[in-house]
Amino acid sequence: MTLLARLLGKTTVAPASVARDRLRVIVEQTGSASPDYLPELRRDILDAIARYISIPSEDVNVTVTRDGNEAVLELNVALPE
Amino acid sequence: MAKIVVVTSGKGGVGKTTTSAALSAGLATRGYKTCVIDFDVGLRNLDLIMGCERRVIYDFINVIHGEANLNQALIKDKRIDNLYILPASQTRDKDALTTEGVSKVLNLLQDKFEFDYIICDSPAGIEKGAYLAMHFADTAIVVTNPEVSSVRDSDRILGMLSSRTQRACESLEPIKEFLLLTRYSPERVEKGEMLSLDDVKDILQIPLLGVIPESRAVLKASNMGVPVILDQESDAGQAYTDAIARFLGEDTPMRFVDNKKKGLLKRLFSTRAKEKVTT
Numbered sequence: 001m002t003l004l005a006r007l008l009g010k011t012t013v014a015p016a017s018v019a020r021d022r023l024r025v026i027v028e029q030t031g032s033a034s035p036d037y038l039p040e041l042r043r044d045i046l047d048a049i050a051r052y053i054s055i056p057s058e059d060v061n062v063t064v065t066r067d068g069n070e071a072v073l074e075l076n077v078a079l080p081e
Numbered sequence: 082m083a084k085i086v087v088v089t090s091g092k093g094g095v096g097k098t099t100t101s102a103a104l105s106a107g108l109a110t111r112g113y114k115t116c117v118i119d120f121d122v123g124l125r126n127l128d129l130i131m132g133c134e135r136r137v138i139y140d141f142i143n144v145i146h147g148e149a150n151l152n153q154a155l156i157k158d159k160r161i162d163n164l165y166i167l168p169a170s171q172t173r174d175k176d177a178l179t180t181e182g183v184s185k186v187l188n189l190l191q192d193k194f195e196f197d198y199i200i201c202d203s204p205a206g207i208e209k210g211a212y213l214a215m216h217f218a219d220t221a222i223v224v225t226n227p228e229v230s231s232v233r234d235s236d237r238i239l240g241m242l243s244s245r246t247q248r249a250c251e252s253l254e255p256i257k258e259f260l261l262l263t264r265y266s267p268e269r270v271e272k273g274e275m276l277s278l279d280d281v282k283d284i285l286q287i288p289l290l291g292v293i294p295e296s297r298a299v300l301k302a303s304n305m306g307v308p309v310i311l312d313q314e315s316d317a318g319q320a321y322t323d324a325i326a327r328f329l330g331e332d333t334p335m336r337f338v339d340n341k342k343k344g345l346l347k348r349l350f351s352t353r354a355k356e357k358v359t360t
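Protein sequence lines correspond, in order, to chains A and B. Residue numbering for the first sequence follows our numbering, starting at 1 and increasing by one per position. Residue numbering for the second sequence follows our numbering, starting at 82 and increasing by one per position.
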């Protein structure tokens, strides 16, 4: 951020940090570290949820994170109000 | 009947996906119902450039293999009416594409979905993905950088366009070919560091659709997942708008091809500064 922008108190998000965040999401979802059944699993979960409520596809997140020997399957569904 | 347009180049990294995103967004903004298809199976990126990566559930390969229908796979753009994205598969490879499959999907997009334009974003190379992206096209946009390897690869692609497309194989009216010169820097051309527009036109001998200047706006747009043409304050965005006007048959003067001359004030100041030094 330039000095002037900082003095004016402007808080614009840097494009590079938007890029970093976007990449983190998709690399976690489909990256080489995650099993290839994830996209299909995500699809099946979406289909199951869609039988009861309608939510946009981007509101369902399925990720696998590894911590040492343990892998955690995390399912995140944002329900509409 | 929808026009099928392939955005191709042979060489990678010259701006095919950036161009496909800009072209499809620009045509849709002008009111044409437009679909942009990612043919880069296994290395999909169009979804990222269009900013819809989190909305991909089904893809082109799923539709070809009958695992999903087109309605499920087409992603409607959230910013622009009339714009739809058909993403490539990330887990398969290019062998999952078949001539019959691609033909079937293109026919559906033309007849059932009544698109005006179908933009095929070709992968780099001259293998199956690139071949199928161009095979059914009516028009080809050859994206070229003012750089030796890119120009040679474009020439190779022009050879493929005139011999291996459906129009060539069935002796129909030949495919229309246009040159889009990207990452152009008039300043470096003036210094003699870069091939000029005339050099490239001279070698490739196809009509010029436009010149996109080297621009910081392109990286910014891809960071944000917004087609650069939507950044109308940027030189690249304006240059793409001009190129689309020409694509639609309008007569638009070429911008961003001449080195900006210094303004009067700047020139005055720089001579004064020099005088000061000499006196």
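One should not assume that every hint holds.
[As the list claims (entries may be wrong)] A few chain B residues that face chain A, going by a derived Cβ cut-off under 10 Å, partial list only:
id, residue
1, ARG136
2, PHE194
3, ASP236
4, ARG245
5, GLN247
6, ALA302
7, GLY306
[To be verified] As a list, the in silico SDA-like pairs of lysine to any residue whose alpha-carbon atoms are at most 20 Å apart:
id, chain 1, residue 1, chain 2, residue 2
8, B, LYS157, B, GLU181
9, B, LYS301, A, ARG24
10, B, LYS157, A, THR65
11, B, LYS301, A, SER57
12, B, LYS159, A, ALA19
13, B, LYS193, B, MET82
14, B, LYS92, B, THR322
15, B, LYS301, A, ASP59
16, B, LYS341, B, GLU295
17, B, LYS159, A, ASP59
18, B, LYS159, A, GLU58
19, B, LYS159, A, SER57
20, B, LYS193, B, ASP162
[Claimed, not checked] Partner residues are not named here, just some residues of chain A that face chain B (Cβ under 8 Å, in silico):
id, residue
21, ALA19
22, ARG24
23, VAL25
24, ILE26
25, ALA48
26, ARG51
27, ILE55
28, GLU58
Please keep in mind that the hints were generated in silico from the structure rather than gathered at the bench. Quick caveat, the model's predicted, so the values are computed rather than measured. Every residue gets a Cβ at the ideal spot worked out from N, C-alpha and C, and that includes glycine.
Hint check results:
The beta carbon of ARG136 (chain B) is positioned within 10 Å of a beta carbon in chain A (closest approach about 5 Å), and the interface hint is therefore held. Using the Cβ-Cβ criterion of 10 Å, the hint placing PHE194 (chain B) at the interface with chain A is not satisfied: the shortest such distance is roughly 20 Å. Proximity of ASP236 (chain B) to chain A is violated relative to the hint, the smallest CB-CB distance being about 34 Å (cut-off 10 Å). Among the interface hints, the one on ARG245 (chain B) is violated; its C-beta lies about 32 Å from the nearest C-beta in chain A, farther than the 10 Å criterion.
Interface hint status for GLN247 (chain B): violated, as the beta-carbon distance to the closest one in chain A is roughly 32 Å, over 10 Å. Restraint check, ALA302 (chain B) versus chain A: the minimum CB separation of about 8 Å is within 10 Å; hint holds. The closest approach between the C-beta of GLY306 (chain B) and any C-beta of chain A is roughly 6 Å, which is under the 10 Å cut-off, so the hint is satisfied. Taken as a hint, the LYS157 (chain B) and GLU181 (chain B) pair is broken in the structure, with Cα atoms around 25 Å apart against an allowance of 20 Å.
Our distance criterion of 20 Å between C-alpha atoms is met by LYS301 (chain B) and ARG24 (chain A), whose separation comes to about 17 Å. Distance check on the hinted pair: LYS157 (chain B) and THR65 (chain A) sit about 31 Å apart at the alpha-carbon level, beyond 20 Å; violated. Restraint check for LYS301 (chain B) and SER57 (chain A): the C-alpha separation of about 26 Å exceeds 20 Å, so the hint is violated. Only pairs whose Cα atoms come within 20 Å are accepted, and LYS159 (chain B) paired with ALA19 (chain A) is accepted, the gap being roughly 19 Å.
For the hint pairing LYS193 (chain B) with MET82 (chain B), the CA-to-CA distance comes to about 11 Å; that is within 20 Å, so the pair holds. Annotation: proposed proximity of LYS92 (chain B) to THR322 (chain B) is violated, straight-line Cα distance about 24 Å (limit 20 Å). Annotation: proposed proximity of LYS301 (chain B) to ASP59 (chain A) is violated, straight-line Cα distance about 25 Å (limit 20 Å). Distance check on the hinted pair: LYS341 (chain B) and GLU295 (chain B) sit about 14 Å apart at the alpha-carbon level, within 20 Å; holds.
Pair hint LYS159 (chain B) plus ASP59 (chain A) holds up; C-alpha atoms about 15 Å apart against a cutoff of 20 Å. Among the hinted pairs, LYS159 (chain B) with GLU58 (chain A) is consistent with the structure: their alpha-carbon atoms are about 13 Å apart, no more than 20 Å. Pair hint LYS159 (chain B) plus SER57 (chain A) holds up; C-alpha atoms about 13 Å apart against a cutoff of 20 Å. Restraint check: the Cα-Cα separation between LYS193 (chain B) and ASP162 (chain B) comes to about 18 Å, which is no more than 20 Å; the hinted pair holds.
With 8 Å as the threshold, the beta carbon of ALA19 (chain A) comes within range of chain B, its nearest partner Cβ sitting at about 4 Å, so the hint holds. Evaluation of the ARG24 (chain A) hint against chain B yields a violated restraint, the C-beta minimum of about 11 Å exceeding 8 Å. A cut of 8 Å between beta carbons decides the hint on VAL25 (chain A): the least distance to chain B is about 6 Å, and the hint holds. With 8 Å as the threshold, the beta carbon of ILE26 (chain A) comes within range of chain B, its nearest partner Cβ sitting at about 5 Å, so the hint holds.
For ALA48 (chain A), the interface hint is violated, the least distance from its beta-carbon to any beta-carbon of chain B being 13 Å, above 8 Å. For ARG51 (chain A), the shortest C-beta to C-beta distance to chain B is roughly 15 Å, which exceeds 8 Å, and the interface hint is violated. Interface hint status for ILE55 (chain A): violated, as the beta-carbon distance to the closest one in chain B is roughly 12 Å, over 8 Å. The interface hint given for GLU58 (chain A) is met, as the beta carbon of that residue sits about 4 Å from the closest beta carbon of chain B, less than 8 Å.
Checked against the numbered hints listed earlier, the structure breaks hints 2, 3, 4, 5, 8, 10, 11, 14, 15, 22, 25, 26 and 27; every other hint is satisfied.
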